Each structure stands twice: as structure tokens, then as C-alpha cells.
Amino acid sequence: MEQTELGKYTRSFGLSLGITSVLSALLVILKETNEATVLAWMKTATLHHWVTHGLINLVVFVVLGFVLSKPNNGDGVKISANTLSICIAGSVIISAILIAGFFR
Amino acid sequence: MENFLLLTHPATGGLATLAALWVFVDTLNANEASEARIKKASLICAGLIWLTYFLGGYLYVMDYAADKEIIKAGPWAFGHNYFMEVKEHVFLMLLLLATYLPIAAFDGIASNKTARKIVLWVSGLIVPTSLSMEGSGAIISLAVKIGLLFKMKGG
Chain P
1 MEQTELGKYT RSFGLSLGIT SVLSALLVIL KETNEATVLA WMKTATLHHW
51 VTHGLINLVV FVVLGFVLSK PNNGDGVKIS ANTLSICIAG SVIISAILIA
101 GFFR
Chain R
1001 MENFLLLTHP ATGGLATLAA LWVFVDTLNA NEASEARIKK ASLICAGLIW
1051 LTYFLGGYLY VMDYAADKEI IKAGPWAFGH NYFMEVKEHV FLMLLLLATY
1101 LPIAAFDGIA SNKTARKIVL WVSGLIVPTS LSMEGSGAII SLAVKIGLLF
1151 KMKGG
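Note that the protein sequences, when read in sequence, are chains P and R.
Residues in the first sequence are numbered from 1 upward in steps of one, following the numbering used here.
Residues in the second sequence are numbered from 1001 upward in steps of one, following the numbering used here.
Check before you lean on any hint, since a few could be wrong.
Claimed, not checked - Straight-line C-alpha distance at most 30 Å; calculated DSSO-like pairs for lysine-lysine:
1. R:Lys1039 x R:Lys1117
2. P:Lys8 x R:Lys1039
3. R:Lys1072 x R:Lys1153
4. R:Lys1117 x P:Lys70
5. R:Lys1072 x R:Lys1145
6. P:Lys43 x R:Lys1040
7. R:Lys1113 x P:Lys78
8. P:Lys8 x P:Lys70
9. R:Lys1072 x P:Lys43
10. R:Lys1151 x R:Lys1072
11. P:Lys78 x R:Lys1117
12. R:Lys1145 x R:Lys1040
13. R:Lys1117 x R:Lys1068
14. R:Lys1068 x P:Lys8
15. P:Lys70 x R:Lys1151
16. P:Lys8 x P:Lys78
17. R:Lys1040 x R:Lys1153
18. P:Lys70 x R:Lys1145
19. P:Lys78 x R:Lys1151
20. R:Lys1117 x P:Lys8
21. P:Lys78 x R:Lys1153
22. R:Lys1068 x P:Lys43
23. R:Lys1068 x R:Lys1153
Simulated from the structure, these hints should not be mistaken for laboratory data.
Given the structure is predicted, the values throughout are model-derived calculations rather than measurements.
Model the full assembly from the supplied sequences, consistent with the hints where possible.
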């Protein structure tokens, strides 16, 4: 019989992907418009600001993915497949537009 | 070493694109016979994107500064100012998409219509994003070449 419910990690990490993607795009704008503070800190935190950016993204993605798998007595955040698809595709497209538009 | 990395990182990126396309096409008609294959392809895609991240990242962090100066001093300064800036940041989203692909692909896609839908969306987003990375890389390498020619002619 065909299942219609997504697994809890598909839901939690999918939502985490959407949120992290937008946060990453906003971090690009934040660091590029605050070179003396944010960008300078990101440059000194690791070898390169891009390495720091990647690490922040991965930590947020993993932590948020596990945090969102905990609500509802450990059953994870409730979200339909349609909403999750829109969230993932929408956030990736909006983030790409934010980045491409910022450097234009 | 730099030339080796210059050749391998778009190659692993291109192979990752093919793996994502494989996942997309196979998922359109997923069944119990193809489920294991789709899972393997999703892991291959994620592994190749991570390999591309390390190879390209090493090149970008350790060796790119000299190329950047050449590009910025040449007539194709947009090769860095636009294409590299966009590429390096959009790639980070591609890394997240590729990392998530196996999570969704391991959600029983043979018997779960909704999981198939998510896998189709994610693999479908990876393909054009990866191709745009390949295209940007081609523009950046051409910008270095044009910058060097410009420098040789005393520009």
C-alpha cells in the first residue's frame, strides 16, 4: 500500500535546508555590507571567510535538522509534502536571486 | 597541483550533475527494483558534491588570489566581481541540497509517493544549479586567460 507521510528526518532536514539556505543568502549580504566587522571576523575565524561561511551553514543545517526532529513527542515537525516542496524550492530560488541580485 | 585541481573539480561537479539527473529520471518511475539503485545514486551525488567542495575549496582558498588579481586588472573583471562571487556563495546551497538528497531518497521512495516528490524537487534543483556552477567556472577561467593576454600586451 502506498505511504503518504514523509519520514521525520525528511521533514526536519528539508525544513532546515530551506531555512539555512535563506540565512546563508542573508549572511552574504550582511558580511559584504559590513566588511570591517562581520567580514573581518569571518576572515580571522578560519583560513578564509568562505570557509567560515560554509561551516556556519553546515552547523545551522545539522543542528536545526535535529532540533526540528524533536517536537511532537519525537515525531518531528509536522509539514505536508506540498508545503515542504514549496519551502525547499522557494528558498533555494529566492536565495539564489538574493545573491545574484546583490552582486549585480 | 593547481592545474590538477582545476581539471578535477569541474569533472567531479559534472559527474555529480549526472548522478542527480540519474536520481531524477529513476525516481520518476521508482519501484522496489530501482529503490536501491536510486539510494546509491543519491549517495554518489552527495559524495561527488562534497569532493567538489573540498577540491574547489582548496583551490579557491589557497591558490585563487593570484588569478583574482589578473581577472580584476583585465577587461573581464566581471569574471570575479560577479561570477566568482555568485558561484562561491550559491555553491554552498548546492552542498546543502546534495547533503539532503540521500536523506529524502532513503525515505522508502518505492512505496512513498510524497518522498518521491521531495526527491524529484531536490534532484531537479541540483541539476540546473550544478550546470550554472560549471558555466560560471568556464567564464572565470576565460577571464583569467583574457586577463593574462591583456597583461602580455601591456594593458
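Under the criterion that the straight-line Cα-Cα distance not exceed 30 Å, is the pair P:Lys78, R:Lys1153 satisfied? Answer violated: P:Lys78 to R:Lys1153 is near 63 Å, above 30 Å.
Does R:Lys1145 lie within 30 Å of P:Lys70 when you go C-alpha to C-alpha? Violated, at roughly 52 Å.
Take the C-alpha atoms of R:Lys1117 and P:Lys70, compute the straight-line distance between them, and say whether it is at most 30 Å. 24 Å, holds
Decide if the proposed pair is consistent with the structure: R:Lys1117 and R:Lys1068, CA atoms, cutoff 30 Å inclusive. 41 Å, violated
Can you confirm whether the C-alpha distance between P:Lys78 and R:Lys1151 stays at or below 30 Å? Measuring from Cα to Cα gives roughly 59 Å; hence the hint is violated.
Taken at face value, is the distance from the CA of R:Lys1151 to the CA of P:Lys70 at most 30 Å? The hint is violated at about 58 Å.
Could you grab the alpha-carbon distance between R:Lys1068 and P:Lys8 and see if it respects the 30 Å cut-off? 44 Å, violated
Does R:Lys1117 lie within 30 Å of P:Lys78 when you go C-alpha to C-alpha? 17 Å, holds
With the threshold set at 30 Å, check whether the alpha-carbon distance from R:Lys1151 to R:Lys1072 stays at or below it. With Cα atoms ~11 Å apart, R:Lys1151 and R:Lys1072 stay inside 30 Å; holds.
For the pair we were handed, R:Lys1072 and R:Lys1145, check the Cα-Cα distance against 30 Å. Holds: R:Lys1072 and R:Lys1145 sit about 12 Å apart, inside 30 Å.
For the pair supplied as a hint, R:Lys1040 and R:Lys1153, confirm whether the alpha-carbon distance does not exceed 30 Å. The given pair, whose Cα atoms are some 51 Å apart, is violated under the 30 Å limit.
Between R:Lys1117 and P:Lys8, is the straight-line Cα distance small enough, at 30 Å or below? Holds - the C-alpha atoms of P:Lys8 and R:Lys1117 are around 15 Å apart, at most 30 Å.
The structure fails to meet hints 6, 12, 13, 14, 15, 17, 18, 19, 21 from the earlier list, while all remaining hints are met.
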